[in-house]
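Chains as they are written, first to last, in the working numbering: chain A, 1 to 307; chain B, 1 to 680.
Please keep in mind that the hints were generated in silico from the structure rather than gathered at the bench. Computed from a predicted structure; not experimentally measured. Note that beta-carbon positions come from the ideal geometry of N, C-alpha and C, so glycine has one too. Take these hints with a grain of salt, some might be off.
Unchecked claim - Examples of chain A residues toward chain B, derived with CB under 8 angstroms:
{"hint": "1", "residue": "V54"}
{"hint": "2", "residue": "A72"}
{"hint": "3", "residue": "T154"}
{"hint": "4", "residue": "G166"}
Unchecked claim - Over 12 angstroms on every C-beta distance to chain B, these chain A residues come out as not near it, computed from the model:
{"hint": "5", "residue": "I14"}
{"hint": "6", "residue": "L39"}
{"hint": "7", "residue": "L48"}
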Amino acid sequence: MEVATLLPLAVTLIMSPLLLGVINRTKAMVGGRKGPPLLQPYYDLIKLLGKGAVYSRTTTWVFRAGPIVSLAGCVLAATLVPLGGCESLIKFHGDLILLAYLLGLGRLCTVLAALDTGSPFEGMGASREAMFSALAESAFLLGLAALARNTGATSLTQMHAALADGAWSVSGLTLALVTVALLVVFLAENSRIPVDDPNTHLELTMIHEVMVLDHGGPDFAFILYGASIKLWVLGALIINLVLAPSAGESVADLGVALAGMLILAVLVGLIESTMARLRMPRVPQLLVGATALSGLALVLEFGGIGK
Amino acid sequence: MEWLLVAVAVLVASGLMAVVMTSFPRLSTFWGAVGGGAGCAIGLFAVVRVLWSGKVESLRWGWDVPYGSFSLELDPLSGFFAIPILVLSGLAAIYGSRYVAVFWDRKSVGELWFFFNLLVAGMLIVVLARNGMLFLVAWEVMSLAAFFLITFEHEKQEVRDAGKTFLIATHLGTAFLLTMFVLLGAESGSLDFADFANSPSTVSADLLFLLALVGFGTKAGLMPLHVWLPEAYPVAPSYVSAVMSGAMSKLGIYGLLRVLMFLSDVQPWWGWLLIGAGAISGILGILSALGQSDLKRLLAYSSIENIGIISMGMGLGVLGTSSQNPVLMVLGFAGALFHVINHAIFKGLLFLGAGVVFQATETCDLDRLGGLLKRMPWTGSAILIGSVAIAGLPPLNGFASEFVLYRACFNREGLLAALSTSIPCVAVIGSLALIGGLAAFAFVRVFGIAFLGEPRTPHAAGARSPNDRMSLPILLLAAGCIAIGLLSPLVFEKILPVVAQITHYELAMIESPAARASVPLSVVARVGCALFLLAGGLALVRRWLLSGREVAVSGTWGCGYSRSTPRIQYTASSFAQPAIGFFAPFFRTYTKLRAPRGLFPQSASLATENTDLSTDLIYHPLFGAVGRLLGKLRWLQQGRVHMYVLYVGCTILALMIWYVSMELPPADASMSGTVVERSP
């Protein structure tokens, strides 16, 4: 095993909470505030890991297993994603399917843990999360199918390598459509505006935040950390697509990709500062729109127009 | 082969014993269950022994029925379908031995055991039969046994209605099968399967395929031929539903595969049709499941969804066969067969679980349940495993088979190939992704509403763990979900001989296309093990972190509201509402609302029910029209016996005139005579 294959995983595990810091800092700056330190998410994680726990009387072992399995799923998903010219730790034909379903497993555990509390608010969030992610899944896999058709590759690492050879100048239209579709999935799956507002203060309007109301201490740290890894993993797919490696200079490529991740975080911050959350009934339409974009990319590929 | 006959004999004999003993319910149950279990064990031993040796065993006796011969054969395809039948039925017999105790003082359980064991024997003969006549007889025995099991509690109106629907559906299906066999045998004048495969048929293969698709699709539950499933499964005793959904409906798939083997001229549009029907069944099936609040009805719709997934896999296989694309062919069929096994396991588990829920709480209505996991920790955990598996999530078995199907599409020979191949592949990818997401939604809803949270009714609060004989089969099936998930490459390898037989290829020739899936599957299995280890490690980390710190137990955070009751919890209907609202065109939702009125409303209520779209749009109008049309002939029937005698006389006279005027050579006449005799 090459050391380079460990890099994407190590970077993900170490740097993923930073993305949240950058997003929050951007939002604060656009809003004219100073904002919390960039490393605040790390401080939060350390603080939470040092706390005790409170469990609801209603809950069962499912509530306690939820954060653990969900984090384990996210970490394993991170082993499948290449970054900036470095191959992923685990790569095989069809790994993109495992990626989608590992994230799905994590989501299922969070949803079950939410229902385990018997709280009506958490049930509400769970229901929304399950619905939106069901729609996001087809947008995601169809988008990856368009990429597979475009690059002739069926593993994420191969796709990443195939994009290196100036793919954007050849089939820019397809790639642009897929990028937009993946961006929508990225925002939806990570509960960002315009799908969900992580800063909302009313439980009735929350999705992800309301599901984790009853978690505390190390459990909540696991959930926050898992969410930041998921943010990084889905973001890395977009960055791999937009910033194709120049091939050869792996250190420089990795640096470019990391810079790209931070820019993506700034972009998310800007989106959150300038947009309002969509009304709940509008969200499925957005996700179906993303599916349609993925489908359009596939049609372009089939017609050979994307090239 | 002899052992298989012994198994059938044990099943039938023990069923008869159960009937004889029917006035002693305990004894009757003992004979029925022990005979059922023993018959399945003997059969399983025989099947595994033959499959292990790699040989094909056959047996042929004469039979005094026109065109019939008692011809049996155990080849890889038969053995493959016999295994889930025997395993699931054996476990169901153990479970049933306890389940039927509720009927002891009010119903005669003898007939229940007789028909259950007959159902198992019938299914076994169906997969072994190598003669059209024998096949149809066994098919009818199986269907009628199922009918009597469905209508066991026939004092209830909904049970009688469900039985009627099943009887009509199954016989319409059999009518198509009968026509198909007659057409298949028309050329060679024999109904032996061996002759079908060899003789060049003059009948168009397209017609035969369509007849088989309708006939077998009705049994499997492909949409829109599925209407009997959501009626029949909920009213049958749970362990019977488990066998019907896990094993009997799979025989529709078996039949379709068997007929595909007879047809040499495979057309691409068959594959398109199978993929289209599969996608529709899959998506609409799981959406309808989301709309149900009755647990068993929900599971019935989810069976339709899974049959859809299997059908999509067969479609890919057929497409691969017709375009000489071995990778698509092998992975499509292998994925479909893999899913057959997996669905038998987790759907069997979930139906048995539904029976436990029903007996513990006297209801299957999700909105009246809740908090069951605390009350039955082992069974509940096993049902959680089944729910995760049926949602197709790693590291369990459902993901393994769906992965093979995805892999058939995400491939140089699938998605990346010519348009005629890649467009169906995209259809399969899109449908599988949507089905996967919605299945997770549906089963999170089942488990989350029924087993987690607080009990919504006193019945749910008073639920207790089931008897060991009922929980053991459930736990074994849950272990099967985990084991197949983690050992998926080994199971996949065992499927290949069956694929080789279906596709008429040598086993060695399909090994390299199969490696396209088996190599990634081994990585997936290792990632699955890593998931267990990582989760275990994290659990230890948390235990270490929490050791010595305060771990308090308190109420659920109610956002400042501390006097909540269980009724404030989200219900199954409200949980599904986002999906029902968004996919509204696919539902007929009936809403009964008593809105709160005035400044101080006393009471209000809201009830919603989602009915089956195809019943409302296709079958009610169709059968209504048929009924009106046939109503016009009612004057024929006046109740006067001498008029009926006249009818009989006229018919005989007409037949004689027809026979004499045709003057056909005897062989042909008797062949076409068979058609005439049986069509009314």
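Claimed clearance of chain B by L39/A, with the beta carbon kept past 12 angstroms: holds, 21 angstroms
Nearest-CB test (12 angstroms) between chain B and L48/A: Violated, because the least Cβ-Cβ distance between L48/A and chain B comes to about 10 angstroms, which does not exceed 12 angstroms.
Chain B contact restraint for V54/A - C-beta distance below 8 angstroms: The hint holds - V54/A has a Cβ within 8 angstroms of chain B, the shortest such distance being about 5 angstroms.
Minimum Cβ-Cβ distance from I14/A to chain B exceeds 12 angstroms: Per Cβ check, I14/A is outside 12 angstroms of chain B; nearest 17 angstroms; holds.
Given hint T154/A near chain B, where the shortest CB pair must fall under 8 angstroms: It holds, given that the least Cβ distance between T154/A and chain B is near 5 angstroms, below 8 angstroms.
Closest C-beta approach of A72/A to chain B relative to 8 angstroms, hint status: holds, 4 angstroms
Status of the G166/A interface restraint (C-beta, 8 angstroms, chain B): Hint on G166/A: violated, closest Cβ of chain B at ~20 angstroms, above 8 angstroms.
Checked against the numbered hints given earlier, this structure breaks hints 4, 7; the rest are met.
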